Amino acid sequence: MLDYIIIGTGPSGGNIAHNLFKAGANILLLEAGKLFNKKTFPRTEADTSAMLYWGGGIEFDTDAKMGFLRTRLVGGTSIVNQCLLDRFDDIAFNDWKAESGVQWFSPENLAPYYTKVENKLDLHTFTPSDMNKNAQLFTKSCDKIGVKWGYLRKGQNDCANDRGNDCMACLGGCHRDSKQSSYAGYLRDDITEGLNLQTETEVHQITTNGDTVTVHAFQQGRQVTFQAKNIVLAGGAFGTTKMLLQSGFKKQLPALGKNFSTHPQFMSFGLFDEEINAYKGYFQTVASKDPNLRKKGYKLENVFAPPISAAMLFSRTGSYHQDIMRNYTRMTCIEVAVRDENAGEIKVNNKGRLSVDKPFTEQDRRRRDEGRELIANILTNEGAKKVYASPFAVGLHLMGGSVIGANPAKAVVDPEFRLHGHKNIFVADSSIFPNAPGINPSLTVMALAQKLSDQFTGTTYDKQIPKQLSTESY
Amino acid sequence: MTSKYLSNSALKAINRIGDLMIPRNGEFPAFSEVGGITYIDELVSYAPGADIKDLNMLLTILAFMPTFVLRWLLGKMETAMENKGPLGPIFRQLDIGLRGLIFSCYYTEKVPTTFKGKKPLDIIGFQLTRVED
Ligand SMILES: Cc1cc2nc3c(=O)[nH]c(=O)nc-3n(C[C@H](O)[C@H](O)[C@H](O)COP(=O)(O)OP(=O)(O)OC[C@H]3O[C@@H](n4cnc5c(N)ncnc54)[C@H](O)[C@@H]3O)c2cc1C
Numbered sequence: 001m002l003d004y005i006i007i008g009t010g011p012s013g014g015n016i017a018h019n020l021f022k023a024g025a026n027i028l029l030l031e032a033g034k035l036f037n038k039k040t041f042p043r044t045e046a047d048t049s050a051m052l053y054w055g056g057g058i059e060f061d062t063d064a065k066m067g068f069l070r071t072r073l074v075g076g077t078s079i080v081n082q083c084l085l086d087r088f089d090d091i092a093f094n095d096w097k098a099e100s101g102v103q104w105f106s107p108e109n110l111a112p113y114y115t116k117v118e119n120k121l122d123l124h125t126f127t128p129s130d131m132n133k134n135a136q137l138f139t140k141s142c143d144k145i146g147v148k149w150g151y152l153r154k155g156q157n158d159c160a161n162d163r164g165n166d167c168m169a170c171l172g173g174c175h176r177d178s179k180q181s182s183y184a185g186y187l188r189d190d191i192t193e194g195l196n197l198q199t200e201t202e203v204h205q206i207t208t209n210g211d212t213v214t215v216h217a218f219q220q221g222r223q224v225t226f227q228a229k230n231i232v233l234a235g236g237a238f239g240t241t242k243m244l245l246q247s248g249f250k251k252q253l254p255a256l257g258k259n260f261s262t263h264p265q266f267m268s269f270g271l272f273d274e275e276i277n278a279y280k281g282y283f284q285t286v287a288s289k290d291p292n293l294r295k296k297g298y299k300l301e302n303v304f305a306p307p308i309s310a311a312m313l314f315s316r317t318g319s320y321h322q323d324i325m326r327n328y329t330r331m332t333c334i335e336v337a338v339r340d341e342n343a344g345e346i347k348v349n350n351k352g353r354l355s356v357d358k359p360f361t362e363q364d365r366r367r368r369d370e371g372r373e374l375i376a377n378i379l380t381n382e383g384a385k386k387v388y389a390s391p392f393a394v395g396l397h398l399m400g401g402s403v404i405g406a407n408p409a410k411a412v413v414d415p416e417f418r419l420h421g422h423k424n425i426f427v428a429d430s431s432i433f434p435n436a437p438g439i440n441p442s443l444t445v446m447a448l449a450q451k452l453s454d455q456f457t458g459t460t461y462d463k464q465i466p467k468q469l470s471t472e473s474y
Numbered sequence: 475m476t477s478k479y480l481s482n483s484a485l486k487a488i489n490r491i492g493d494l495m496i497p498r499n500g501e502f503p504a505f506s507e508v509g510g511i512t513y514i515d516e517l518v519s520y521a522p523g524a525d526i527k528d529l530n531m532l533l534t535i536l537a538f539m540p541t542f543v544l545r546w547l548l549g550k551m552e553t554a555m556e557n558k559g560p561l562g563p564i565f566r567q568l569d570i571g572l573r574g575l576i577f578s579c580y581y582t583e584k585v586p587t588t589f590k591g592k593k594p595l596d597i598i599g600f601q602l603t604r605v606e607d
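Chains as they are written, first to last, in my numbering: chain A, 1 to 474; chain B, 475 to 607.
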């Protein structure tokens with residue numbers, strides 16, 4: 001009998017599978033998507049959406065006002081993400097503690113797990129020479145109007161930017177294996193060493209019988225079942241919550257599906273006469289790091305979008321659309337990421353499909369509008385002739401739905417990562433986030449996964465783990 | 475051209491709507507001139523069967539709509555974010571779905587050799603460099 005089945009291979013599943021594999025446990029790792037590598041990742045934006053993303057590119061809330069992005073392949077969403085890795089601060093953990101009643105949430109208590117993850121991955125904090133023109137204009141304008149900013153820290157080892165490589169290419173998977181996805185950072189070598197991985201296997205139900213858990217899945221159209229002493233759900237906020245809902249746990253756990261948040265992001269573009277080429281080089285090296293904005297509940301990110309995504313961000317077509325796209329290389333871009341209220345709910349409809357309610361609350365709206373206003377000010381100060389604010393909200397950080405908490409009436413997972421009332425079903429992925437931290441989530445997903453791994457393997461920390469560079473986290 | 479997944483009427487609808495969204499304008503070729511639709515099966519093949527069926531049905535209906543109806547529909551889609559009515563979600567989904575399909579076939583590296591003009595990606599100046607070791 002297997003010791004553990006782990007479902008999902010993103011930052012959570014990748015970390016846990018790696019740790020259990022190295023500890024010699026008898027494990028099976030299941031993933032709905034395929035296995036790609038640096039030679040086989042898609043090479044065009046259109047192929048990336050179609051081949052890697054759930055929903056063929058984007059999924060919507062029931063009101064179709066917000067789009068959600070998540071992927072299905074070995075490595076999960078870490079394959080396409082920007083791999084910006086930040087620790088959470090006191091503000092985030094205090095809010096989590098208040099919402100969940102979980103007492104161990106604090107930067108100090110999580111520090112050994114953060115450190116272990118940081119030591120395993122290659123990290124790079126950007127420097128002035130990494131900035132492209134979009135970043136140079138952003139930081140200059142922030143200085144002028146008094147917004148504090150800082151360099152971002154990314155999981156990467158050799159991006160060859162000095163030789164002209166453009167990191168936008170790695171939004172469909174890093175062709176250099178430089179980006180520290182859970183595939184490159186954890187699973188790639190384990191797979192070579194014989195990790196038991198089954199791909200194209202989508203789990204739709206979990207049943208328990210005393211000491212055994214049975215996992216029911218479709219594998220390339222065939223129904224298959226697997227049994228283990230324990231299972232770990234690591235399908236992300238949508239994936240894990242959907243599996244639990246489909247397995248009928250909502251009756252025992254009324255909070256299942258609730259408390260969904262997503263850091264909705266709104267992009268604005270500034271138009272210039274000269275060439276900016278914001279998509280070139282490292283296209284995301286800096287962001288606001290301003291305690292005032294942190295308190296106000298939003299942050300500003302200096303980013304850019306590839307052509308199809310950029311075209312999608314403007315609702316109009318015809319000559320208006322063409323005028324914008326003609327100026328693609330003459331635009332700068334800033335987005336506001338809102339620390340939103342966890343008012344969303346993930347459900348499964350009678351066709352077995354996800355149905356996500358994500359009301360945009362009054363507070364969310366205020367934060368977005370304030371952020372947009374500040375962005376318009378920064379872009380104008382950069383010297384932009386015109387500012388375009390996209391009406392579209394995109395959620396990249398899908399969080400909650402199976403939240404952690406001490407009270408089974410209000411939470412799904414207990415403070416030891418067990419499904420309330422079930423000794424052998426565990427979750428430590430982005431679905432357990434009690435509310436939106438307002439900080440990039442994936443390092444903390446991995447730190448929580450590390451904590452659960454250590455719980456499994458009985459690892460304890462003498463507080464002597466060498467401390468790697470840590471960042472301010474807003 | 476023919477498709478394994480989409481009917482001829484559906485393909486016709488994509489070209490018609492595409493040309494309304496992206497007409498020939500200055501250096502920009504019209505959507506249908508580029509021929510990016512040739513590779514549509516590569517995109518559609520990854521979608522679940524039920525989604526492909528829905529898409530085929532929708533496009534087949536749109537194929538038979540007169541141009542003024544399609545223009546009206548595009549207008550509704552463009553303002554869908556402000557639409558608070560019961561049809562708002564449908565127009566918003568249509569907007570993202572159709573624009574997604576059309577922009578994916580237009581701003582593409584995969585253009586058939588029969589197209590002799592300048593590719594839209596070249597016109598906008600997008601040229602990614604991948605350094606491989
Ligand atoms: C474009 C983009 C950029 C981002 N940039 C950043 C960033 O810079 N920094 C940051 O911290 N975060 C970023 N994020 C968010 C971050 O990637 C996610 O928060 C993180 O990957 C969540 O980890 P996870 O393990 O919980 O889930 P995921 O990474 O989503 O992994 C879940 C895996 O489970 C699989 N799965 C789901 N359901 C099933 C099932 N039923 N059966 C089998 N397998 C299943 C999925 O296919 C997937 O592979 C970004 C996200 C996007 C989309």
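I should point out that these hints are in silico values taken from the structure, not numbers from a laboratory. The structure presented is a predicted model; accordingly, all values stated were derived computationally and were not measured. Please note: incorrect hints may appear among the correct ones.
As the list claims (entries may be wrong) - Below are the DSBU-like pairs computed for lysine-lysine, each with C-alpha atoms no more than 35 Å apart in a straight line:
| id | chain 1 | residue 1 | chain 2 | residue 2 |
| --- | --- | --- | --- | --- |
| 1 | B | Lys558 | B | Lys486 |
| 2 | A | Lys295 | B | Lys478 |
| 3 | A | Lys144 | A | Lys385 |
| 4 | B | Lys550 | A | Lys38 |
| 5 | A | Lys347 | B | Lys590 |
| 6 | B | Lys550 | A | Lys250 |
| 7 | A | Lys385 | B | Lys527 |
| 8 | B | Lys558 | A | Lys39 |
| 9 | A | Lys148 | A | Lys39 |
| 10 | A | Lys351 | B | Lys527 |
| 11 | A | Lys410 | A | Lys295 |
| 12 | B | Lys558 | A | Lys386 |
| 13 | B | Lys527 | B | Lys486 |
| 14 | A | Lys39 | B | Lys550 |
| 15 | A | Lys347 | B | Lys527 |
| 16 | A | Lys296 | A | Lys133 |
| 17 | B | Lys550 | A | Lys386 |
| 18 | A | Lys120 | A | Lys22 |
| 19 | A | Lys65 | B | Lys590 |
| 20 | A | Lys140 | A | Lys295 |
| 21 | A | Lys386 | A | Lys120 |
| 22 | A | Lys386 | A | Lys250 |
| 23 | A | Lys251 | A | Lys97 |
| 24 | A | Lys133 | A | Lys120 |
| 25 | A | Lys34 | B | Lys558 |
| 26 | B | Lys486 | B | Lys584 |
The hints, checked one at a time:
1. Under the criterion of a C-alpha separation no larger than 35 Å, the hint pairing Lys558 of chain B with Lys486 of chain B is consistent with the structure, at around 31 Å.
2. Distance hint between Lys295 of chain A and Lys478 of chain B is unfulfilled; the C-alpha atoms sit about 54 Å from each other, more than 35 Å.
3. Between the alpha carbons of Lys144 of chain A and Lys385 of chain A the distance comes to roughly 18 Å, so the proposed pair stays at or under 35 Å and holds.
4. Between Lys550 of chain B and Lys38 of chain A, the direct Cα distance comes to roughly 42 Å. Violation of the 35 Å bound is thereby established for this hinted pair.
5. A hinted pair counts as satisfied when its Cα atoms are at most 35 Å apart, and Lys347 of chain A with Lys590 of chain B does not qualify at roughly 49 Å.
6. Proximity of Lys550 of chain B to Lys250 of chain A is assessed by CA-CA distance (about 39 Å); at most 35 Å being required, the pair is judged violated.
7. Taking the CA atoms of Lys385 of chain A and Lys527 of chain B, the gap is about 45 Å. The hint is violated against a cut of 35 Å.
8. Under the criterion of a C-alpha separation no larger than 35 Å, the hint pairing Lys558 of chain B with Lys39 of chain A is inconsistent with the structure, at around 46 Å.
9. A distance of roughly 40 Å separates the Cα atoms of Lys148 of chain A and Lys39 of chain A; the hinted pair therefore is violated under the 35 Å criterion.
10. Note on Lys351 of chain A and Lys527 of chain B: the hinted pairing holds, with a Cα-Cα distance of about 15 Å set against a maximum of 35 Å.
11. Restraint check for Lys410 of chain A and Lys295 of chain A: satisfied, since their Cα atoms lie roughly 26 Å apart, inside the 35 Å limit.
12. Proposed proximity of Lys558 of chain B and Lys386 of chain A is supported: the alpha carbons are some 28 Å apart, at most 35 Å.
13. Only pairs whose Cα atoms come within 35 Å are accepted, and Lys527 of chain B paired with Lys486 of chain B is accepted, the gap being roughly 16 Å.
14. For the hint linking Lys39 of chain A to Lys550 of chain B, the alpha-carbon distance of about 42 Å lies beyond 35 Å, and the restraint is violated.
15. Between Lys347 of chain A and Lys527 of chain B the CA atoms are separated by roughly 24 Å; this keeps the pair inside 35 Å, and the hint holds.
16. Simply put, Lys296 of chain A and Lys133 of chain A have alpha-carbon atoms about 28 Å apart, close enough for the 35 Å limit, and the pair holds.
17. Proposed proximity of Lys550 of chain B and Lys386 of chain A is supported: the alpha carbons are some 26 Å apart, at most 35 Å.
18. Proximity of Lys120 of chain A to Lys22 of chain A is assessed by CA-CA distance (about 13 Å); at most 35 Å being required, the pair is judged to hold.
19. Between Lys65 of chain A and Lys590 of chain B the CA atoms are separated by roughly 39 Å; this puts the pair beyond 35 Å, and the hint is violated.
20. For the given pair, Lys140 of chain A sits about 23 Å from Lys295 of chain A by alpha-carbon distance, which is consistent with the 35 Å threshold.
21. For the given pair, Lys386 of chain A sits about 44 Å from Lys120 of chain A by alpha-carbon distance, which is inconsistent with the 35 Å threshold.
22. Taking the CA atoms of Lys386 of chain A and Lys250 of chain A, the gap is near 50 Å; set against the 35 Å cutoff, the hint is violated.
23. With a C-alpha separation of about 25 Å, the suggested pair Lys251 of chain A and Lys97 of chain A falls inside the 35 Å cut-off, and the hint holds.
24. Only pairs whose Cα atoms come within 35 Å are accepted, and Lys133 of chain A paired with Lys120 of chain A is accepted, the gap being roughly 32 Å.
25. Distance check on the hinted pair: Lys34 of chain A and Lys558 of chain B sit about 40 Å apart at the alpha-carbon level, beyond 35 Å; violated.
26. For the suggested pair Lys486 of chain B and Lys584 of chain B, the alpha carbons sit about 19 Å apart, so the restraint of at most 35 Å is met.
The structure fails to meet hints 2, 4, 5, 6, 7, 8, 9, 14, 19, 21, 22, 25 from the earlier list, while all remaining hints are met.
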